[in-house]
Amino acid sequence: MSSQKILLPYNFTSYDQKALDFAIRSFAHQKDVEITLFNAYTPVPDIEVRGSPVMETMRGNLGYLSQKIKEQEDELKVVRNKLLEKGFSKDRIHTIFEPKKKDIAGDIIDLALKGRFNVVVLNRKPGKIIRFFTGSVFNKVVTSLKEATVCIVS
Amino acid sequence: MAVEDKIDIDVYKVVTRAIGESDNLEDIADQLAQLLVGALEIKGCTIFVLNPETEELEALASFGLSINYMNKGPVLVKKSIDHKLRGEPIIIRNVSKSDQLQYPEDARKEGINAIISLPIKLSGKFIGVLRLYHYEEWDVSERDLDSLMLLTENIGLAMMYTRLLHALQSVKETVNEVHPIWLSP
Chain E
1 MSSQKILLPY
11 NFTSYDQKAL
21 DFAIRSFAHQ
31 KDVEITLFNA
41 YTPVPDIEVR
51 GSPVMETMRG
61 NLGYLSQKIK
71 EQEDELKVVR
81 NKLLEKGFSK
91 DRIHTIFEPK
101 KKDIAGDIID
111 LALKGRFNVV
121 VLNRKPGKII
131 RFFTGSVFNK
141 VVTSLKEATV
151 CIVS
Chain S
1001 MAVEDKIDID
1011 VYKVVTRAIG
1021 ESDNLEDIAD
1031 QLAQLLVGAL
1041 EIKGCTIFVL
1051 NPETEELEAL
1061 ASFGLSINYM
1071 NKGPVLVKKS
1081 IDHKLRGEPI
1091 IIRNVSKSDQ
1101 LQYPEDARKE
1111 GINAIISLPI
1121 KLSGKFIGVL
1131 RLYHYEEWDV
1141 SERDLDSLML
1151 LTENIGLAMM
1161 YTRLLHALQS
1171 VKETVNEVHP
1181 IWLSP
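Protein sequences appear in the order of chains E and S. Here the first sequence is numbered in the numbering used here, starting from 1 and rising by one per residue. Here the second sequence is numbered in the numbering used here, starting from 1001 and rising by one per residue.
Calculated from the structure, these hints are not laboratory results. Given the structure is predicted, the values throughout are model-derived calculations rather than measurements. Each hint should be verified, as a subset may be incorrect.
[What the hints assert, rightly or not] In silico DSS-like cross-links for lysine-lysine, where the CA-CA straight-line distance does not exceed 25 Å:
(1) S:K1125 / S:K1109
(2) E:K68 / S:K1097
(3) S:K1072 / E:K68
(4) E:K146 / S:K1172
(5) E:K77 / S:K1072
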């Protein structure tokens, strides 16, 4: 059994890429480390049709939306392959791709607790204005996790 | 020939309900982006928030665009379809003939042929952008454009509401951290 379990939330930004590079540099060579890539997506909305032709068209297009989400899942596999190439063995890499349950921070916290992760690797770009609208994932995770080490890549 | 309307009252209801059903701006924006792509049968949609300090448009939600395109570099309001001169929608029917794009080559590689960019305003202030991307040349109807402008007003209100909500929650958390012992007379 691995002595360290690392959770790496990944949302395909250049900052996530930096966090991934950090995880590779720091942990790829350690054989007793497991890493889990986590992406929570917003599921395709459920649409009531009620006979409107425009709404029928819209519903028809949900297939396209679902396909786009599938492409996101495939992209996560590409990231997984990068970990493989950089030295993590197959049995030490896990991916979780699932619909959002709460918000991103809430889902990360729940998963970290439930999966008993020792380390969570987050990224942070100082000065971003979006955190004022959506809340800071970094703040919520850091203040909620008591037993885990949280690495911040900035 | 008249351009077909794609946003009827049913579509408008579904899209605006996405705004009312959550107090999480990320969820609202994600669902709006998905619904607009589905309703308008277009390639993608991004909702940006303007950072007034850096003049950068920060992507709040996006749907339908590739990861490479989203990571092409910072989107600067002055270089990328500048709304600051006129607070009106900007329609680029054919991106290959436009000089308003910051990353024209990336748009071409992404297969984007047309863009509609709508300013999100609140009390007359420019606070964000709703941008719609089509894989073919695009003639949008006046009525659809009106509906989209109305939608941006709702997005502006949702942004303000969630901004205030988060500010209030931060104040509440700070107050909750004050131990009762400090409040005793």
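### Those earlier numbered hints the structure runs against, lowest number first
Violated hints: 1 and 2; rest satisfied.
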